[in-house]
Structure formats: C-alpha cells, structure tokens
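S.K.: Single-letter residue listing:
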Amino acid sequence: MVKFTLNDRDYEVEDGKTILEVALENGVKIPTLCYHKDLTSYGACRLCMVEIIDGARPGLQASCTYKVSDGLVVKTDTERVKKTRDIVFELLLARCPDSEKLTKLAEEYGITKSRIEWKDKGKCILCGLCVRACAEVSQRNAINFAFRGIERQVNTPFKRISQICIGCGACAYVCPTGAIEIEEAD
Amino acid sequence: MAKLKSVKEFEKLHKQLTGKKNPKKPSIAVCAGTGCVALGATGVVDAFKKEIKRMKLSEKVELLITGCHGFCERGVVVLLRPEGILYQRVKPADVPEILEKTILNNEIIERLLYEDTVTGKKIVHEKDIPFYKHQDRLIFGSNNQINPTSIDDYISIGGYSALARVLSDMKPEAVVDVINKSGLRGRGGGGFPTGKKWEYCRRAEGDIKYVIINADEGDPGAYMDRSILEGNPHSVLEGLIIGAYAVESTEGYIYVRQEYPLALEHFTTALDAARKYGFLGKNILGSGMNFDVKIARGGGAFVCGESTALMASIEGRVGEPRAKHFHTVERGLHESPTVLNNVETWANVPVIINKGWEWFSEIGTDRSKGTKIFSLVGKVNNTGLVEVPMGTTLRQIIFDIGGGIQNNKKFKAVQTGGPSGGVVPESLLDLPVDFERLTEAGSMMGSGGMIVMDENNCMVDVAKYFVDFLKDESCGKCTPCREGLIQMSEILKDITEGNGKEGDLELLEELSWVMTETSLCALGASAAFPFLSTLRYFRDEYEVHIKEKRCPAHVCKALITYTINAKKCTGCTLCALKCPQDAISGEKKALHEIDQSKCIKCGICVDACKFDAVIVD
Ligand SMILES: Cc1cc2nc3c(=O)[nH]c(=O)nc-3n(C[C@H](O)[C@H](O)[C@H](O)COP(=O)(O)O)c2cc1C
Chain Y
1 MVKFTLNDRD
11 YEVEDGKTIL
21 EVALENGVKI
31 PTLCYHKDLT
41 SYGACRLCMV
51 EIIDGARPGL
61 QASCTYKVSD
71 GLVVKTDTER
81 VKKTRDIVFE
91 LLLARCPDSE
101 KLTKLAEEYG
111 ITKSRIEWKD
121 KGKCILCGLC
131 VRACAEVSQR
141 NAINFAFRGI
151 ERQVNTPFKR
161 ISQICIGCGA
171 CAYVCPTGAI
181 EIEEAD
Chain D
1001 MAKLKSVKEF
1011 EKLHKQLTGK
1021 KNPKKPSIAV
1031 CAGTGCVALG
1041 ATGVVDAFKK
1051 EIKRMKLSEK
1061 VELLITGCHG
1071 FCERGVVVLL
1081 RPEGILYQRV
1091 KPADVPEILE
1101 KTILNNEIIE
1111 RLLYEDTVTG
1121 KKIVHEKDIP
1131 FYKHQDRLIF
1141 GSNNQINPTS
1151 IDDYISIGGY
1161 SALARVLSDM
1171 KPEAVVDVIN
1181 KSGLRGRGGG
1191 GFPTGKKWEY
1201 CRRAEGDIKY
1211 VIINADEGDP
1221 GAYMDRSILE
1231 GNPHSVLEGL
1241 IIGAYAVEST
1251 EGYIYVRQEY
1261 PLALEHFTTA
1271 LDAARKYGFL
1281 GKNILGSGMN
1291 FDVKIARGGG
1301 AFVCGESTAL
1311 MASIEGRVGE
1321 PRAKHFHTVE
1331 RGLHESPTVL
1341 NNVETWANVP
1351 VIINKGWEWF
1361 SEIGTDRSKG
1371 TKIFSLVGKV
1381 NNTGLVEVPM
1391 GTTLRQIIFD
1401 IGGGIQNNKK
1411 FKAVQTGGPS
1421 GGVVPESLLD
1431 LPVDFERLTE
1441 AGSMMGSGGM
1451 IVMDENNCMV
1461 DVAKYFVDFL
1471 KDESCGKCTP
1481 CREGLIQMSE
1491 ILKDITEGNG
1501 KEGDLELLEE
1511 LSWVMTETSL
1521 CALGASAAFP
1531 FLSTLRYFRD
1541 EYEVHIKEKR
1551 CPAHVCKALI
1561 TYTINAKKCT
1571 GCTLCALKCP
1581 QDAISGEKKA
1591 LHEIDQSKCI
1601 KCGICVDACK
1611 FDAVIVD
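Protein chains in written order, with my numbering: chain Y, 1 to 186; chain D, 1001 to 1617.
None of these hints come from the bench; they were simulated from the model. Heads up, some of the hints might be wrong.
Simulated DEER-style distance windows between Cβ atoms [said to hold, decoys possible]:
# : chain 1 : residue 1 : chain 2 : residue 2 : range
1 : D       : Gly1281   : Y       : Lys82     : 51 to 61 Å
2 : D       : Asp1169   : Y       : Ala146    : 24 to 34 Å
3 : Y       : Ala146    : D       : Ser1361   : 22 to 32 Å
4 : Y       : Lys82     : D       : Asn1456   : 38 to 48 Å
5 : D       : Glu1265   : Y       : Thr156    : 49 to 59 Å
6 : Y       : Gln153    : D       : Met1001   : 50 to 60 Å
Partner residues are not named here, just some residues of chain Y that face chain D (Cβ under 8 Å, in silico) [said to hold, decoys possible]:
# : residue
7 : Leu60
8 : Leu91
9 : Arg148
Each residue gets a CB set at the ideal place from its N, CA and C atoms; glycine is no exception.
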C-alpha cells in the first residue's frame, strides 16, 4: 500500500497505480484525451498534467504515467497546471477545431476559442488510442504511426489497404475526437 | 595475432610493441579525418605512398594515416615528426617537395607553414601555433599519433593498459568509485555524473545488464564524437569494456548514425581486432569476464540520441521517447538495467584509470572536471575541433584558439549547446565554460557545438533556423512539442517576412513556457531555448523586425532592398554581368539600376562591386 496526498486529501492505495487512476476512481477531475483504462498509458496529449509538490520529480508531470509513491504530494488545480493546460487546449483546438469531443472538453475547462490559427485542419489529435487498441485489444497491429513531427499520422503500412485489419472497429470506438469513420465494404 | 590469455601476456605484447618504436625515426602523419578527406587527403596520402616508393624512402620514413587533428580550417594537415613541423593546406603536388626538402634535407617549406592571423608571422611547429598552444588535448591528442585501424598502434601508446589494470587490480566497485571521485560528467549534453549512473546500474537488479555508446551525434555542426570514433576508436571501446566490468554487463552496443560511414568502418575494424586479441569475448585476459559488443545503426533522426528513443530504436521499435518515470539505469534496453554514455564520456574512462582520479579532478572547475571538446565553427578564423579544460573562457576559445572573427568583422554572439542551446552575447565573453555557467547564461553545454556569429547574423533568423530544425526532428508524439514548434516556426517566419505583429513575442513566450513545462522529453522541453536566449539578449532586434519591418543585420530578405548609390557607381557593368537574374541594367560608364521586381537579394552584386556602390537597407 502507498500513502500519498492529492489535492490536500490523504489517500492509501495499492502499489503501482498512476495518479490519474487514483484521481478518476475518487472523482477528482483531470482532463485527458490519450488515456483509456484498458490500454497502456502513453503520455502524449499532455492535458492530464498535474503538479508534483513533493516527490522524486517535482514540477509538472503527466498523471497518466506517473505512479504514486509514499509521501507524494500532488495538486491538480494550481495556477501552473491551469495555465499550461489552457495553452495545450489551444494548441489542440488550432489543429482540430472541428472535433466535437475536443471542443466540448475544452469548453468544460473554459476554453472556447484558440488564439492560434492553423491551416492543416483535421480531427485526429494523434493520441494513439487507436494504435494501442489495435495492438493490445484486437491484437492485429494493422495501424501505427507514420512520419514524424507535424507530418505524423496514423496509417496502415505504406498507406495500403490493410490485409490484417479485421474491421473490428475498436479503433473507431476508442477515438476521442471522432476522427475514424467506418465504411461498409462492398 | 594470437589471443592474449592473461594480463601478463598483454604486458609482454605492450613491451614488444613499444620496443619496436623508434622515436627518432621521421614520420609523416597525414590527417585523413572526414574534414581533410573532403579537402583532398586521399590524394595527398596516395602521393606520399607513390613518392616514398619512387624515392625508395620506405625504410627511412614512416607514413601514418591518421584521424582528425582538429585544425579543419587548414586541411589537409600534415605533421612531421620528430620535429613536430606542421604543414597546412597541403596538396598532392606539394608531396615530392616535402620529401625532398624537409624529410631528406631538413629544409622548411615556408609556403606550407601556418601564418598567424594576428602577427602575420609564419610558425613552424605545431606546438607553437596558437590554435594548438592553448589547447589541452587529453582525449583528442592521440589522434595524430596512431593509425586508427591498427590496434597495435593503440597498444603501443599505452592503449588497453587501463583495462589490464582494472582486470588485474581492481574490484568492480573500486572502478565505480574512481569514476565517481574523478567528477566525470556526461559529455552528451545532460552532464549527469557518470560514476553515479554506473553506481545506480550496478545496484539495480537484473539478470543481464547493458552498456551502450551513444554515437548518434545529431547536433548540426557538431562532429567531435565522429572524429574520436574515426581517429581513436579503441579509446572508446576500452572505456566501454571498463564500464561493462564495473557494472557487470555482458553485452554492449554502439548506436551510430548511418551518416558516419568512416566512423562505423573504423569501429568495426576495432571490434574485430579486439576480439582477436581477446579484449572482447569469453574470459577476457583470463579474468573470467565475458563481454561483447554489437553495432546498432541509426537512421539519423535527432531524437534517437535521446536515451529512451535510442533504446526503442535498438529494440527495433519506432525511435520515440517514453516517460522517464523509471530510469534507464534500472529499466533500459529490453527492460534491463542499462548504462548509456556518450562517445567522449567513454573515451575519458581509460584516461582517468591510467592517470588517477586525483589528477583528473584537478583539471577544470569546481563542479565540471576534465576537458571538453568543442566543435568551433561559424564566422571564426580557425574552425575545427578544440579541446580545452572546463572553465576556459569563451574569449580564450574564440579569440586565442579560434583566431578571432573572419574578415575582421565584429563578434556578435556564440551559439552553444546544439539546436536546443542558446546564444551568449559579447558581454559574457569572459564566461568560464562549464555546465552550470552556460546554463545560468541561458544556454547550455550540450554536446559541445559552438557556432560563432558576427554582425551579419540576424538573431531572429538564428532562432528560426533552430526552431525549424527541431520542428522537423520532433518525433510528434506529444502535443506541446509537435504543435508548439510548428506554431513557433510560423510566427518566427512571419516576423522575418515583415508580417510580425504586436503580441507575437508574448505568444512565443507563452508557447515556450508551455513546451518547457509539459513536453514529454528534453527535445521539446529545451526546444524554446534558442528563441528565449536570443530574446533575452537581443530583444531590440526582434522589435525592430516587428515594428519597423527592418532587419539590422540585413539577413531577412523580405525586409531589405538593394539599390545603387549614384555617387559611387562608375558604370563598370560588373554587377550587371554577375547578376543571375538580369535584374541590373545600365549603359557603360553610366549609373546602373536594380529592377526590384527581378532582384532576389542574393548579394552577388555587393560582392562584385569594387566601389561599394551597392547599398543594402
Ligand atoms: C533530443 C535529444 C538528443 C540527444 N542526442 C544525443 C546525441 O546525439 N549523443 C549523445 O551522446 N547524447 C544525446 N542526448 C543525451 C542522451 O539522452 C543521454 O543523456 C546521453 O547519451 C547520456 O550520456 P552521457 O551521460 O555520457 O552524456 C540527446 C538528448 C536529447 C533529449
């Protein structure tokens, strides 16, 4: 068992849990787009940042990958957390202004508009949930990330129609922004 | 070449090899590092081989084809021993004369000597040339003494004696202790204490442990790691084997970028030779230690130099970083405890073992020990690789060793630490260079890149260059790095193109802050440094770009125009002849004019005009 403090409340939980897991189990709200309880944590969207007040790595940390440990003191609502989160929302909104799920989540945190404009608009925020679902749940590995940086995208190898995709739809199901559509094949 | 079965057998071989050496025998060391090869070293080597044969000198003189000597500006560099005469900018045509005059008749060839940029005097000996005189080449100094493909050469200058000593006299803990006490810190950028890293890995539990050489060296303009691997591969390998002994590892890797073919070739040769002698393999020198090294080749992605991305890449996965909530010393390659050190860090290890931690820790500053190799490039007279004790000032490096700024221009700033480093302005030239001091100045040590800039460098353009580099090299995994960099890049582009607007700097600062605070790895977390440090020291330059739409350094093309001064133009027509766009017109002996719609602002007319009549503003 591990004893630690989250938003001034003491918790005693099992070993090996992440801050995000404990928070979600106890009704502490932390926004996230790349986390799913049944998939490996990935730490990509950076919306779930919390502030480690006391612990091995003080400062802002992604709660989905940071494991709780004895004596850890965490806060989810400091100015530092809020301000950086607002801008991460703005960056995501600039990229995907048409994603309903993203806009709704951002609104919950008071962000309705991004100061930043960006020309390449789409719905995919590259959270990688689909990639992990395909690998870990469906165990097909039909899709993965291709290219890097701003060119990064999720795709099948060489962008060809996949021979190993079984059309299970797990990727579309976990997608937090509605970027994957399923088409009926003839 | 027989396998050495004990330390005694090694010592015998060492004696034999040193005994064979005749220090009085003339030798010709031709630099054949990648820089000099680009300048024609292969032709020079061939000419020496041919002429030595033709003149029947092979008994009298030894030809040594070596790795980089560091003085890349003056390649091809040829060093003549025993006198230590240095000839620079040697061409194949100079070779017969060198043999005839200098080797046979002790005559100096003035033409090939280095001329001091300040005094104009010719200097005969390498040791008197300011570029070398002010250096302390602990690590790099052996490069010009050995043929890097010969293990015997390395042994003859004391190579592998540190390993022999460790295997015969020291417990693994004692080795860690020596490295700890020496104060050695990682040369790959972070400056993490090497001994501590080894200690944590030693303590970590695991059936197998790995040691890795990081030879990814992705910083633009940096090439010290390449030059060590090319010029003295065994020194790095010996360090690695000692590290493996210390943490009880049986398997090592070198992660080397695909773009380094010569380094890879020399290191592969070194591995083969070390296996034959039994420095690698089973029961090394009869000590019971088993260890071997595999080569992993990287595709040249900058981010693959980052520890977790590098290990993912070795495992055959996409080279992208993961959260470091557990350290690679505990769970690294294949989830096993792993020590990853930079090429230069490993090369320091045998030196420390041989000379002792006390000796080593005397060199440098209070918290940064030993020397550091810098690649000194940009607008400096003596570009090349420079090794100095930590704590040497920037002024000493740039002016005493580097010979000052090209064409007597004015120094403006030096960019240190690679793409995520920062600029240091003139007011801080007396800063002693070490890990802490560079960080305090808003830059960093990084892996040792040093790009010197003069009055013709625009600081906004510099920031844009590095931000664009990092934008292209970001793996794209996390939001702040991927999206933040593209936004920064766009805003900086606007500023350099005359579309900067009020609020741009504030937004850039906010983005910088978020990237620093929330990025997953150090690439994103330090990606804003080039912007932040140029802003810190050159804010007025940004403001002039945004508010007055001017580029004071005359770099940003959208913000400058070329015109011809009627008073100075003599109508010589030279500019019109040279203009690649046919943008200049005018009769002979009459005033010329530039058609702004055709002008691409390449600056060729400025260089062509002998009367300073082309005005840039
Ligand atoms: C984006 C990025 C690129 C890096 N590239 C290199 C590199 O090319 N070579 C290197 O030795 N270290 C590089 N590093 C640092 C390594 O992560 C690691 O700290 C280092 O290899 C450890 O060795 P050291 O302690 O001997 O410095 C890089 C780090 C980051 C974040």
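S.K.: Work down the list of hints and note, for each, if the structure agrees.
M.R.: A quick look at each hint next to the structure:
1. Evaluation of the 51 to 61 Å hint for D/Gly1281 and Y/Lys82 yields a pass: the beta carbon distance comes to about 58 Å.
2. Between D/Asp1169 and Y/Ala146 the beta carbons are some 53 Å apart, a value that contradicts the proposed interval 24 to 34 Å.
3. Distance hint check: the CB atoms of Y/Ala146 and D/Ser1361 are about 49 Å apart, inconsistent with the given range 22 to 32 Å.
4. At roughly 44 Å, the beta-carbon separation of Y/Lys82 and D/Asn1456 lies within the given 38 to 48 Å, and the hint holds.
5. Separation of D/Glu1265 from Y/Thr156 is about 37 Å and departs from the stated range, judged on CB atoms against 49 to 59 Å.
6. Distance hint for Y/Gln153 and D/Met1001: a CB-CB separation of about 52 Å, consistent with the stated range 50 to 60 Å.
7. Contact between Y/Leu60 and chain D, as hinted, is supported at the beta carbon level, the nearest pair being about 5 Å apart and thus within 8 Å.
8. For Y/Leu91, the interface hint holds, since its Cβ comes within 8 Å of a Cβ in chain D; the closest pair sits about 4 Å apart.
9. Restraint check, Y/Arg148 versus chain D: the minimum CB separation of about 5 Å is within 8 Å; hint holds.
This entry does not satisfy hints 2, 3 and 5, going by the numbered hints stated previously.
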